[in-house]
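Asker: Work out the full structure, taking the sequences as your base and the hints as a guide.
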Amino acid sequence: MTVGSLLIWALVIGLALYVTRAHPEAHGVRSARWLIIGGGVVFPTTVLTALLIYGLMLIPELRATGDIDRRIEVAGEQWWWRVRYPQENGEAVELANEIRLPLGERILFRLSSPDVIHSFWIPSLAGKVDMIPGRITELVVEPTRTGTFRGACAEYCGASHALMNFQVVVMEPDAYRDWLAHQATLARAPTAEQARRGQQAFLANGCGACHTVRGTPADGRLGPDLTHVGSRLGLGADALPNDREALIRWIGHTGEVKPDVRMPAFGMLPVDELAALAAYLSELE
Amino acid sequence: MNERNDDLPDEELEAPPARWGSLWLLTFGPGIWAIHFLLCYVTAAVWCAKVAGRTGLLGDASLLVGLYTLVALVGIGLTGWRGYRQHRFGHADPPHDFDTAEDRYRFLGYSTLLLSGLSFVATLFVALSVVFIETCE
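Taken in sequence, the protein lines are chains U and S. Okay, so the first sequence: first residue is 12 according to the working numbering, each after it adds one. Okay, so the second sequence: first residue is 31 according to the working numbering, each after it adds one.
One thing to keep in mind: the hints can contain errors.
To be verified - A few chain S residues facing chain U, derived, Cβ under 10 Å:
no.	residue
1	L158
2	F162
3	E164
4	E167
For the record, the hints were derived by calculation from the structure and aren't laboratory data. Being a predicted model, the structure only gives us computed values, none of them experimental. By construction, the Cβ of each residue, glycine as well, lies at the ideal position given by its N, Cα and C atoms.
Answerer: Now the structure itself:
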């Protein structure tokens with residue numbers, strides 16, 4: 012495609028130079044007419060038809076859902092991503108705001124939304140597909156190289172639409188299996204004293220009403236699963252980096268970071284309690 | 031249009047009536063393309079939603095699209111032919127840019143012809159998608 016574009020560009024520039032520099036005098040009516048019909052009608056129509064046919068021939072293969080290696084369910088919610096990895100035993104590992112994929116496998120994304128229309132888009136890997144309330148849309152992706160790619164919501168969905176992003180990590184299949192097995196495990200108990208206080212604060216302040224930390228009494232389903240939140244690359248659907256300072260800012264000033272977010276800010280908590288919460292969540296790797 | 035006019039010099043032509051300056055013929059080509067596009071889209075959508083299902087084949091819907099395409103191409107062809115006749119009225123070459131009723135008439139015919147060509151190709155492009163994408167997926 013790039014080579015073709017360059018050839019056409021060179022041809023157009025060459026013709027422009029030919030008529031303005033090499034032969035600036037008036038050209039015959041007949042030759043000019045043939046140039047207009049040939050270069051302005053026949054040539055672009057032929058090239059565009061060839062490109063269209065080539066593109067259309069690729070589509071059935073890209074959309075085929077028959078030979079899928081793996082399914083991942085993603086729900087777009089104001090303004091984060093609920094990601095479920097169905098397992099062979101029928102259960103699913105639910106994570107959030109980050110997607111990991113094994114290299115070279117065909118993956119079927121099943122996309123949905125419980126609230127408004129979102130659009131799931133990983134520009135480097137595939138085209139965008141709308142997530143429509145009441146429907147399941149599908150997207151097939153086959154990553155061909157490892158790396159970290161940015162994903163985003165591509166349909167305006169409310170005040171914090173621009174802060175509804177995620178990262179996609181394409182990993183070697185073995186590393187992916189290890190990662191997913193780890194993500195399926197229960198949260199590890201806090202070890203440091205500050206983190207233990209953080210866990211008590213987490214439960215005492217009702218965080219578990221909305222968030223799940225598997226292996227603890229926190230089993231809320233409204234917000235993102237936090238069982239391994241410390242291992243993620245970003246916070247609040249990639250609105251902040253994932254470190255303790257950002258966690259404190261997120262918990263204490265949630266609405267300032269992400270306008271209209273449903274999670275209430277806990278800025279009323281003492282500073283050391285916020286720091287303990289951040290320590291606890293950071294340890295959940 | 032009077033066929034005899036083709037052989038007469040401009041000054042002896044019958045002056046075209048005022049209605050010959052109408053723009054309606056220009057809209058026929060793109061209009062047929064738009065209606066064809068809408069019909070194809072709605073037919074495929076209804077077929078996939080109500081008959082074939084998400085993974086079904088387009089089947090008879092593609093026959094219907096073929097029929098729409100045939101009718102649309104004939105309509106666009108006739109419009110283009112009518113535009114060509116208008117363009118060839120009397121003796122004058124493009125760009126038909128004199129401020130006279132005759133030249134306006136020729137200009138509208140020429141524009142109709144070019145737009146019909148564009149609409150013809152665009153209609154074929156719409157139909158091509160049904161040829162290569164045979165399922166509702």
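Asker: Now, for every hint given, state plainly whether the structure supports it.
Answerer: For each hint, the structure was consulted:
no., hint, result
1, L158, "holds, 6 Å"
2, F162, "holds, 4 Å"
3, E164, "holds, 7 Å"
4, E167, "holds, 5 Å"
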